[in-house]
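K.L.:
Sequence:
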Amino acid sequence: MPAIGRDLGVSDFIAGRINWAYMLPYGLFALAYGPLTRLFNNKHINIASLLLFALFSFGSAVAASYSALFVFRFLAGVVAAATTPLVLIYIADRAPAHEKGKYIGLYFSATFVADLLGLFLSGLVPWRVMFYIPAGLGVVAAVLTAKFFPMTLSGKGEMVLRYPAALREPAIWRAFAYVFLISVFYHGVRQWLGVYFDQEIGMDQRWVSWTLTVGGLAGIIGEAWGGFLSDKKGRLPTLKVGVLLMVAAVSCLIVWRAPFFLAAVVFAWGIGWTMNHAGLSTHLTDLDPRYMKEISSLNSSVRFVAGGLGVVLGGWIMQQSFTLGFMVYALFLFVLFLLTEKILGKNPVWAPHPVETGAP
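Position 176 of the sequence shown, counting from 1, maps to 176 under my numbering, and the rest follow consecutively.
Restraint-style ranges between C-beta atoms, simulated for each label pair: (1) F120 <-> T145: 24 to 34 Å; (2) L121 <-> F148: 21 to 31 Å; (3) T323 <-> V143: 44 to 54 Å; (4) V140 <-> F228: 29 to 39 Å.
Please keep in mind that the hints were generated in silico from the structure rather than gathered at the bench. Predicted model only: the values in this text are computed from it and were never measured. The C-beta atom is built at its ideal place from N, Cα and C for all residues, glycine as well.
Sequences and hints are given; from them, build the entire structure.
P.N.:
Right, here's the structure in full:
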């Protein structure tokens with residue numbers, strides 16, 4: 001964000017708006033992709049979304065103004081929203097109940113490998129190159145998907161939305177209330193750490209990138225470990241340990257300012273968030289299989305809309321005072337930890353029969 005702001009002539013906080021310019025449409029349009037598999041084959045949805053993502057990433061790379069960059073990031077968010085809903089539907093349908101956590105953890109670990117590489121490269125190459133890379137990889141991924149991806153979840157009917165019925169189920173709406181809250185709190189801190197390290201600690205861009213890269217490394221470990229623990233110890237115990245680690249990490253940001261210690265704090269933050277993420281995502285696949293297409297889309301939608309709102313709210317709070325912001329979020333997260341079982345219930349709702357695959 002600081003590099004983009006300097007190049008396009010806007011402040012860091014204005015540049016940071018491209019985060020929610022991507023996240024909000026991602027969250028809104030994710031609602032379409034799960035139900036869309038009732039109409040179209042998921043392979044075709046994947047190919048189309050990858051090619052369009054490549055196109056809009058290229059547009060972001062060549063954007064001559066902040067306004068153009070904002071528009072291209074918005075469009076990229078619209079088409080990027082297809083991936084995770086389709087993955088969760090596939091895992092919920094095909095994986096045994098005692099192995100869902102493992103596969104979900106491995107999937108999200110892969111996303112953190114990408115995040116880690118992106119953070120690392122952001123300290124070495126110009127910011128425009130950071131958009132050329134996904135533009136090229138999007139085309140490669142589309143070709144590989146066309147050649148190797150199996151024809152599954154074939155659309156056989158019409159586009160039917162069951163969101164009202166799904167959200168009338170207490171276990172479902174309570175789960176997404178929790179998803180909303182944890183996403184607002186996480187992104188309210190995470191998206192402004194780079195600005196905090198730049199403005200308050202005085203790190204240069206390379207040190208900011210490397211410190212945040214530690215969080216990406218933690219994410220790879222935390223997702224896989226969280227998925228494993230979700231299968232072995234249970235979904236709720238795993239996500240509760242995760243949110244407690246997040247509380248500890250934010251609390252440390254209030255008092256620790258040395259770069260070495262901040263790297264350790266970011267590592268703990270990353271482990272906590274991803275353990276919570278893996279446990280909560282696995283919990284969602286245990287819910288009523290009649291609504292798994294809606295649940296899979298709601299997961300991305302709620303997380304990204306809440307994340308976008310969290311960025312906006314966090315930006316407002318952090319502009320007043322980073323210390324105040326960290327205190328507020330530590331308190332919010334601790335209250336959420338205490339209320340976890342009250343919100344989600346003590347036991348997951350297991351799905352003993354397969355989810356629909358192509359029926360309308």
